[in-house]
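*Asks:* Below, each chain spelled out in residue letters.
Number of protein chains: 2
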Amino acid sequence: MFIHKMTDDECRSALQKASVGRLGCARDNQPYVVPIYFAFDGEHLYGFTTLGQKIEWMRANPQVCLEIDERISQNQWMSVIVFGRYEELPDEPQYEPARMKVHQLLLRRRAMWWEPAYMSDMHRNGSHSILPVFYRIQIGRMTGHRATPDIVEVPAQEATHLIGKESWVDSILRHIGMKN
Amino acid sequence: MFIHKMTDDECRSALQKASVGRLGCARDNQPYVVPIYFAFDGEHLYGFTTLGQKIEWMRANPQVCLEIDERISQNQWMSVIVFGRYEELPDEPQYEPARMKVHQLLLRRRAMWWEPAYMSDMHRNGSHSILPVFYRIQIGRMTGHRATPDIVEVPAQEATHLIGKESWVDSILRHIGMKN
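If you read the sequences in order, they're chains A and B. Using our numbering, you'd call the opening residue of the first sequence number 2 and step up by one each time. Using our numbering, you'd call the opening residue of the second sequence number 2 and step up by one each time.
Next comes chain A alone, as it looks inside the complex (with noise of 0.2 Å):
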């Protein structure tokens, strides 16, 4: 297996291509992960919910981390992390080209549906009337790794970019006292 970090425009490629992400937010240090749907526009990462704790958590706190992973197999996988700023988007005309690309983006899809935040507030107060709350997150960093399976086979020696996989779980079994 080979483990790059990801560059920029491949972490913002994985964005553009991925729809569903777990959500970060944080209140008096306490985190709280949720899955969200979402799109990025190649600028931002838009969204919308319902009012509920992650609105109310973020709105006191807009300080947010959205996480994307994908595992095809053992060695082949990879995962995005951004930190970012949430920023809501109401119903006012300065919002309105936001809230337009949320329509674009999201709605038009009708892509949301599982949204399980959504749906069970939607449940809950027996509504299909629930006035959607669309919110955008700027981009602060991000970070991304990729594993990818060995193409051609060299001896561990020269091995210095891939990681054997079995040594090293026979590594970690002989520092916990398994193996001799």
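None of these hints come from the bench; they were simulated from the model. Beta carbons: idealized from backbone N, C-alpha and C, even for Gly. Heads up, some of the hints might be wrong.
[Unchecked claim] The calculated label-pair distances, taken between Cβ atoms and stated as ranges, are:
1. A/142 - B/61: 27 to 33 Å
2. B/17 - A/94: 24 to 30 Å
3. A/95 - B/5: 35 to 41 Å
4. B/71 - A/132: 25 to 31 Å
5. B/72 - A/141: 23 to 29 Å
6. B/88 - A/86: 30 to 36 Å
7. A/92 - B/132: 49 to 55 Å
8. A/5 - B/21: 20 to 26 Å
9. B/97 - A/21: 28 to 34 Å
10. B/60 - A/3: 17 to 23 Å
11. B/139 - A/96: 39 to 45 Å
12. A/97 - B/21: 36 to 42 Å
13. A/105 - B/98: 52 to 58 Å
Following the hints, complete the assembly by docking chain B onto the known chain A.
*Replies:* Relative to the frame of chain A, chain B by itself:
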């Protein structure tokens, strides 16, 4: 689609079946979310990783949040959110039983190969012998929601427990002025 709040037993059962979750920690109210491989023994959530930002942050602030979700289709998904407390399991006699659990539940299965943080740290340090940090999470409270497909089709006016896909999407579109 029918959505219901999961009972404590249902949440525990979902945690037992899951192996991948997203762990949130926070420092100075900045959340940080990472994918982790974990196991649940019915009482605690067990995991391991290398020293790094995640461990540093959890040592400084043990309040964490673990989220798991599963999406089979748009109208069939579940999501469980656990608020808990990070507890490190150092290589000391009193932690031996707990460390053995990490071995039994996680290491023996060799199922953590994919964990991005672990692998990238190993890669960065060019070493196969980085000491893993073992930890567990004491569960505080948890919530879960599950969506199941409609079993029977009933007229909209009778379907107080069902959410009509068309009607609520249309409702949102109306609210944002995209539909009359």
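*Asks:* Just to be sure I understand the hint, the distance between the Cβ atoms of residue 97 of chain A and residue 21 of chain B should be within 36 to 42 Å; is that true here?
*Replies:* Roughly 39 Å apart at Cβ, these two residues keep to the hinted range, so it holds.
*Asks:* Against the range 28 to 34 Å, how does the distance between the Cβ atoms of residue 97 of chain B and residue 21 of chain A compare: consistent or not?
*Replies:* About 39 Å separates the Cβ atoms of residue 97 of chain B and residue 21 of chain A, which means 28 to 34 Å is violated.
*Asks:* Given the hint of 24 to 30 Å, check if residue 17 of chain B and residue 94 of chain A actually sit that far apart at their C-beta atoms.
*Replies:* The hint (24 to 30 Å, Cβ to Cβ) is violated, given that residue 17 of chain B and residue 94 of chain A are roughly 51 Å apart.
*Asks:* Taking 30 to 36 Å as the hint, is the beta-carbon distance of residue 88 of chain B and residue 86 of chain A inside that range?
*Replies:* The hint (30 to 36 Å, Cβ to Cβ) holds, given that residue 88 of chain B and residue 86 of chain A are roughly 31 Å apart.
*Asks:* Taking the CB of residue 72 of chain B and the CB of residue 141 of chain A, does the distance hold inside 23 to 29 Å?
*Replies:* holds (28 Å)
*Asks:* Is 25 to 31 Å a correct range for the gap between the Cβ atoms of residue 71 of chain B and residue 132 of chain A?
*Replies:* holds (29 Å)
*Asks:* Between residue 142 of chain A and residue 61 of chain B, does the beta-carbon spacing fit 27 to 33 Å?
*Replies:* violated (20 Å)
*Asks:* Can the suggested window of 20 to 26 Å be confirmed for the beta-carbon pair residue 5 of chain A and residue 21 of chain B?
*Replies:* At 21 Å between Cβs, range holds.
*Asks:* Residue 105 of chain A and residue 98 of chain B, beta-carbon distance inside 52 to 58 Å?
*Replies:* Given about 55 Å between the Cβ atoms, the range holds.
*Asks:* Check the following: the C-beta atoms of residue 60 of chain B and residue 3 of chain A are separated by a distance inside 17 to 23 Å.
*Replies:* violated (31 Å)
*Asks:* Range first: 49 to 55 Å. Now tell me if the beta carbons of residue 92 of chain A and residue 132 of chain B are that far apart.
*Replies:* Distance hint for residue 92 of chain A, residue 132 of chain B holds at roughly 53 Å.
*Asks:* Given a hinted range of 39 to 45 Å, is it respected by the beta-carbon distance of residue 139 of chain B and residue 96 of chain A?
*Replies:* holds (42 Å)
Checked against the numbered hints given earlier, the structure breaks hints 1, 2, 9, 10 and satisfies all the rest.
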